[in-house]
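K.L.:
Listed below, chain by chain, are the residues.
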Amino acid sequence: MSGRSILKRIDWLSVFIYFALVLIGWINIYSSTFTDDQSSIFDIGTRYGKQLFFIGVSLVSIVIIMALEVNFYERFSSLFYLISMVSLLGLFVFGKTIAGATSWYDLGFFNLQPSELAKVATALALAKYLSDIQTDIKRRKDQLYALLIILVPAILIIPQPDPGSALVFFALIFVIFREGLPLYYLAIILSVILVFIMTLKFGTVWLIIGLALLIILLYALKRKTLKIPVIPLSLISIAIILFSLSVNFVFNNVFEQRHRDRFGLWLRLEKDPKKLEQIRKSIGYNTYQSEKAIESGGFFGKGFLEGTRTKGDFVPEQDTDYIFSTVGEEWGFLGTATVIILFSVLFLRLISLAERQKNAFARMYGYGVISILLIHYFINIGMVIGILPTIGIPLPFFSYGGSGLLFFTILLFIFLRLDTNRLKESF
Amino acid sequence: MRKILLSLIIVVIAITFLGRLSYLQIFSFSAEQVLEDPAIKAIYDYPERGYIYDRNGHLLVGNDPAYDVMVIPREVKPLDTLEFCGLLGIDKEKFVKKLKKARVYSPRLPSVLVPQLSKQDYAKLQEKMRKYKGFYIQKRSLRYYDTPSAANVLGYISEVNEGDLAVNKYYVQGELKGRTGVERYYEDLLRGRKGVQYIQKDRFNRDIGPYKNGELDTLPEQGKQISITIDKTLQEYGELLMNGKRGGIVAIEPATGEILSMISGPTYDPALLVGRERSKNYTKLYNDTIANPTWDRSIHAQQPPGSPFKTLNALIALQEGVLDVNTTIQCYHGFYVGKKKRGCHCGGGLRNLNKGISQSCNAYFAGAFRKIYEKFETTDEGMDVWEKHMRSFGLGDYLGYDLPFGQKGRIPSKEYYDKWYGDNRWSSSYIISNSIGQGEILATPVQLANMTAAIANRGHYFTPHILKKIEGKDITEPKFTEAKHTTIDPKHFEPVVQGMADVYVSGTARWLQIPGIEVAGKTGTAENFTKIDGVRTQLTDHSVFVAFAPVDDPKIAIAVYIENGYFGSRYAGHIATLMIEKYLKGEITLKTLEKRMLEKTLEAEYAKPYSGEEFKINERVW
Chain A
28 MSGRSILKRI DWLSVFIYFA LVLIGWINIY SSTFTDDQSS IFDIGTRYGK
78 QLFFIGVSLV SIVIIMALEV NFYERFSSLF YLISMVSLLG LFVFGKTIAG
128 ATSWYDLGFF NLQPSELAKV ATALALAKYL SDIQTDIKRR KDQLYALLII
178 LVPAILIIPQ PDPGSALVFF ALIFVIFREG LPLYYLAIIL SVILVFIMTL
228 KFGTVWLIIG LALLIILLYA LKRKTLKIPV IPLSLISIAI ILFSLSVNFV
278 FNNVFEQRHR DRFGLWLRLE KDPKKLEQIR KSIGYNTYQS EKAIESGGFF
328 GKGFLEGTRT KGDFVPEQDT DYIFSTVGEE WGFLGTATVI ILFSVLFLRL
378 ISLAERQKNA FARMYGYGVI SILLIHYFIN IGMVIGILPT IGIPLPFFSY
428 GGSGLLFFTI LLFIFLRLDT NRLKESF
Chain B
37 MRKILLSLII VVIAITFLGR LSYLQIFSFS AEQVLEDPAI KAIYDYPERG
87 YIYDRNGHLL VGNDPAYDVM VIPREVKPLD TLEFCGLLGI DKEKFVKKLK
137 KARVYSPRLP SVLVPQLSKQ DYAKLQEKMR KYKGFYIQKR SLRYYDTPSA
187 ANVLGYISEV NEGDLAVNKY YVQGELKGRT GVERYYEDLL RGRKGVQYIQ
237 KDRFNRDIGP YKNGELDTLP EQGKQISITI DKTLQEYGEL LMNGKRGGIV
287 AIEPATGEIL SMISGPTYDP ALLVGRERSK NYTKLYNDTI ANPTWDRSIH
337 AQQPPGSPFK TLNALIALQE GVLDVNTTIQ CYHGFYVGKK KRGCHCGGGL
387 RNLNKGISQS CNAYFAGAFR KIYEKFETTD EGMDVWEKHM RSFGLGDYLG
437 YDLPFGQKGR IPSKEYYDKW YGDNRWSSSY IISNSIGQGE ILATPVQLAN
487 MTAAIANRGH YFTPHILKKI EGKDITEPKF TEAKHTTIDP KHFEPVVQGM
537 ADVYVSGTAR WLQIPGIEVA GKTGTAENFT KIDGVRTQLT DHSVFVAFAP
587 VDDPKIAIAV YIENGYFGSR YAGHIATLMI EKYLKGEITL KTLEKRMLEK
637 TLEAEYAKPY SGEEFKINER VW
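Protein sequences, first through last, are from chains A and B. FYI, the numbering for the first sequence is 28 to 454, going by this note's numbering. FYI, the numbering for the second sequence is 37 to 658, going by this note's numbering.
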């Protein structure tokens with residue numbers, strides 16, 4: 028296949044959105060780290076200069092990805108997976124510790140974060156396994172294998188400690204769902220999360236009352252022909268109540284105080300204004316400052332380089348995890364809405380690309396890409412605007428960080444490369 | 037279902053995010069947040085407060101530098117505490133306590149360690165200040181008073197409180213604001229406008245450069261120098277005469293309405309409300325609820341004006357044509373209201389207008405007053421006409437001077453009596469006391485002075501005011517420079533003025549004559565009551581006096597009101613006469629009168645109601 032036909036077949040909408048996000052991201056990193064005495068944007072000593080360098084590296088990686096044979100990725104996916112798992116293991120010996128987490132290899136000019144590589148490798152490996160002709164996702168054994176592919180990197184990453192990155196891998200379960208994992212798994216997971224939140228927020232008593240009301244409603248609305256399965260329903264109810272009680276126990280006895288604080292903050296459990304003030308200055312400082320910065324942007328924003336809270340460094344980690352608050356302060360609602368629409372359009376576009384793949388591996392990998400990007404986007408922005416608890420993971424294409432940008436780019440463009448070949452069933 | 041699940045999730049997330057963001061950025065957003073922004077710090081540059089001069093260019097109020105020793109606890113290095121305390125003039129214990137307090141307030145921000153060092157201490161300390169890290173001297177400016185008098189006119193300044201901050205956005209915590217008098221009324225002129233510099237701060241409160249490159253910064257605007265109409269010499273002299281007496285004095289230049297002096301007794305030295313002892317002194321003054329030194333009697337004390345009011349009733353009677361200068365009324369050492377006799381001190385006999393005024397005949401004015409009402413078919417009509425004339429002299433309402441409002445006094449209207457007695461249930465005999473300035477009438481000293489100025493001008497007055505010049509330029513405000521005309525024809529004033537002049541020649545104040553100056557005056561003796569243990573008790577009469585001089589070219593009109601001073605010609609008459617001489621001649625020839633006023637006090641009189649014992653009123657004192 029010639030280079031020209033790749034340019035013809037590549038999905039330009041996705042590429043355009045990718046570049047738009049990277050550009051907007053860089054502008055905001057520039058603003059977050061800008062100080063008056065620095066001049067050149069290419070100054071590698073500055074954060075924005077470094078990020079610009081990695082944008083260049085990413086562009087090179089795009090060219091390489093496009094140039095490689097399309098079946099290269101499927102063929103070597105197991106090897107990539109193996110390499111990435113080894114690199115995660117190697118961290119326990121050779122890892123460099125930054126801010127308390129041993130997540131990096133020191134390569135001299137830059138720090139490589141192997142968990143970023145593992146995201147790409149795991150997505151590839153999962154797609155490869157699921158698309159294998161011998162795999163049947165309806166089988167328990169195969170479900171377990173698929174889950175194992177996801178769990179291994181997650182388990183290796185947790186002790187770094189980097190629970191945020193570990194969480195990301197669970198998003199790949201969506202790929203398995205798309206390929207036929209029964210939906211009641213999802214229903215169970217969602218119910219567990221829901222009961223967990225409800226218990227913390229309202230308490231077990233109210234949960235039971237709510238449950239009772241729901242059952243009454245069910246009886247009231249039921250059609251005559253429909254038989255209510257009384258025994259399973261009561262079993263489920265009992266399970267929910269027991270789980271709710273255990274949540275209380277786990278929350279109060281197993282969780283550490285900082286976890287309790289985070290959940291308390293998220294679910295707005297504290298009502299006493301004095302303690303709230305205390306929380307704002309301690310555990311809730313990041314969230315409070317970030318919300319305030321976004322709020323102060325108003326509809327139109329304060330303008331490029333005019334964000335006073337950004338300039339004053341009031342929001343911690345503003346060029347990495349909290350980069351979205353810079354968008355909020357300097358570009359206002361117009362800016363934040365634009366970013367969210369861009370991301371949403373990209374995701375929807377990628378889904379339609381995945382669905383049009385004739386090749387199962389490409390489709391499944393596509394879903395892997397979407398799942399990984401989506402969970403980053405959801406958790407990161409959710410945290411920055413104060414509707415999710417504080418979980419430190421970067422915003423794809425936006426946050427400062429070489430490994431992040433490079434591997435998100437690789438993750439996306441491998442899929443776009445596969446997509447250029449979509450008309451062929453096999454490679 | 038499986039295929040659209042993920043798309044659905046994406047849309048739901050997008051809607052959730054946009055909802056939350058619009059809540060934050062559109063609904064919660066308010067423009068005022070900029071002021072609360074912790075990243076922007078306003079640094080103010082305060083201009084010097086304007087100086088206040090008297091009408092002749094003598095300084096009344098200026099500024100004095102004061103030096104505060106400041107400390108930033110975090111930057112303090114170990115030091116020779118003993119030596120430093122010696123320089124500061126405080127003991128070590130206090131030093132340690134203050135330092136601890138400052139640290140509790142903020143280790144990073146400056147706190148005042150020792151406020152307002154004297155110049156001498158400052159000189160000693162300044163050389164050695166380098167040795168003490170974390171301490172520095174901050175210069176401030178304090179009000180300096182070049183006179184011990186006029187506290188009620190000048191007013192004082194103090195720190196703004198929560199209320200001020202809520203009302204006026206200009207002020208920020210810790211700033212000073214005029215509280216009373218000129219300082220308050222001309223706050224905007226005197227204060228100037230502070231300059232502001234917005235500094236961008238980081239979360240450690242460190243400066244990281246100007247906000248928006250200083251686009252919003254402003255330069256300070258200097259406070260204006262103003263001259264007020266007060267004559268410093270006259271004011272100080274008046275306060276000297278008020279020694280031990282309570283009451284108010286107001287002197288006005290009739291040709292302009294300028295207030296030459298405005299005295300309230302007892303008063304206090306304005307310097308008491310400046311500096312380290314300020315709050316202690318203020319509490320002391322404020323808590324003296326008996327003598328009430330912070331209450332400006334010249335504008336707040338509304339009292340029955342007594343006999344000076346007769347001059348106005350004479351003018352109204354002439355204007356309404358109910359009598360002429362030759363009309364006589366019989367005085368039976370008093371007059372009858374129904375069957376009840378009211379007394380008169382004038383000596384009795386047939387009284388005409390001139391004698392009525394100069395001898396202060398109650399019977400004559402009761403008669404004249406009755407004639408005014410008899411001219412009209414109903415008392416209501418008479419009342420309306422009478423009230424209209426009275427109000428044209430600036431009585432019964434706020435005068436509109438450029439000082440705190442004061443009180444508006446009272447000129448009763450028909451509605452007032454209807455409410456009191458019932459509709460049409462009253463007649464002129466009910467209100468006959470008004471003829472001699474008793475009854476329901478109330479006026480403040482400044483109103484009496486203004487009324488006198490209107491008589492001196494033969495029919496018009498200028499709204500009394502205190503501001504003369506701003507930065508050397510005369511004021512041009514029409515409110516103060518345009519004459520207000522009374523409803524009395526100017527031709528009727530001459531006989532009344534003649535009567536007042538005769539007060540000094542052959543009347544109730546004949547022993548107060550000033551050699552070489554023709555003065556027109558009117559004495560007044562006002563009955564007054566108080567409640568002692570719930571019982572209405574009469575106190576010694578108030579001594580009232582109004583005067584202007586010279587008669588043909590009035591330069592000064594004055595009203596003096598001395599509480600419980602008995603006859604008008606005593607305390608009030610003495611003081612008015614002495615002040616006129618002082619103002620017109622610049623020196624005092626009436627040494628006997630002056631000596632008497634400087635020596636005699638009314639402390640004993642004021643102590644009577646609080647003695648708890650029976651007491652006599654209206655005792656002869658000399």
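Note that these hints are calculated values from the structure, not bench results. Any given hint might turn out to be false.
[What the hints assert, rightly or not] Restricting the straight-line Cα-Cα distance to at most 20 Å, the calculated cross-link-like pairs of lysine-lysine (PhoX-like) are:
no., chain 1, residue 1, chain 2, residue 2
1, A, K385, B, K39
2, B, K376, B, K411
3, B, K39, A, K165
4, B, K567, B, K505
[To be verified] Residues from chain A shown here face chain B by an in silico Cβ test under 10 Å; the list is partial:
no., residue
5, G76
6, L79
7, I82
8, F197
9, F204
10, G207
11, L244
12, L248
13, R336
14, D340
15, Y394
16, I418
[What the hints assert, rightly or not] Which stretches of chain B does chain A cover? Using the computed rule of at least three CB atoms under 8 Å from a CB of chain A, they are:
no., stretch
17, 44 to 58
18, 489 to 500
Quick reminder that beta carbons are idealized off the backbone N, C-alpha and C, glycines included.
K.L.:
Now tell me if each hint is right for this structure.
P.N.:
To see whether the hints hold, each was checked on the structure:
A threshold of 20 Å between alpha carbons decides the hint, and for K385 (chain A) with K39 (chain B) the separation of about 15 Å falls inside it, so the pair holds. Of the pairs offered as hints, the one joining K376 (chain B) and K411 (chain B) is violated, with about 24 Å between alpha carbons and a cut-off of 20 Å exceeded. Distance restraint check for K39 (chain B) and K165 (chain A): the Cα-Cα separation of roughly 17 Å lies within the 20 Å cut-off, and the hinted pair is therefore satisfied. Among the hinted pairs, K567 (chain B) with K505 (chain B) is inconsistent with the structure: their alpha-carbon atoms are about 45 Å apart, more than 20 Å.
Taking 10 Å as the C-beta contact cut-off toward chain B, the hint placing G76 (chain A) at the interface is violated, the least distance being around 20 Å. With a least beta-carbon distance of about 23 Å to chain B, the hint placing L79 (chain A) at the interface is violated under the 10 Å criterion. Interface hint at I82 (chain A): violated, since its Cβ lies 25 Å from the closest Cβ of chain B, which is beyond the 10 Å cut-off. For F197 (chain A), the interface hint is violated, the least distance from its beta-carbon to any beta-carbon of chain B being 14 Å, above 10 Å.
For F204 (chain A), the interface hint holds, since its Cβ comes within 10 Å of a Cβ in chain B; the closest pair sits about 7 Å apart. Annotation: G207 (chain A) was flagged as interfacial toward chain B, and the flag holds, the nearest CB pair being 8 Å apart, inside 10 Å. Taking 10 Å as the C-beta contact cut-off toward chain B, the hint placing L244 (chain A) at the interface is violated, the least distance being around 23 Å. Checking L248 (chain A) against chain B by beta carbon gives a least distance of about 22 Å; that is not within 10 Å, so the hint is violated.
Annotation: R336 (chain A) was flagged as interfacial toward chain B, and the flag holds, the nearest CB pair being 5 Å apart, inside 10 Å. Taking 10 Å as the C-beta cut-off, the interface hint given for D340 (chain A) holds, the closest approach to chain B being about 5 Å. The restraint placing Y394 (chain A) at the interface with chain B holds, with a minimum CB-CB distance near 7 Å, inside the 10 Å limit. At a threshold of 10 Å, the smallest CB-CB gap from I418 (chain A) to chain B is about 15 Å, leaving the interface hint violated.
Figure legend: the stretch 44 to 58 of chain B, annotated as covered by chain A; annotation consistent (11 residues with Cβ-Cβ distances under 8 Å, at least 3 required). Here's how the stretch 489 to 500 of chain B fares: 0 of its residues keep a CB closer than 8 Å to some CB of chain A, so the rule of at least three is not met and the hint is violated.
The structure fails hints 2, 4, 5, 6, 7, 8, 11, 12, 16 and 18 (numbered hints given earlier, in ascending order).
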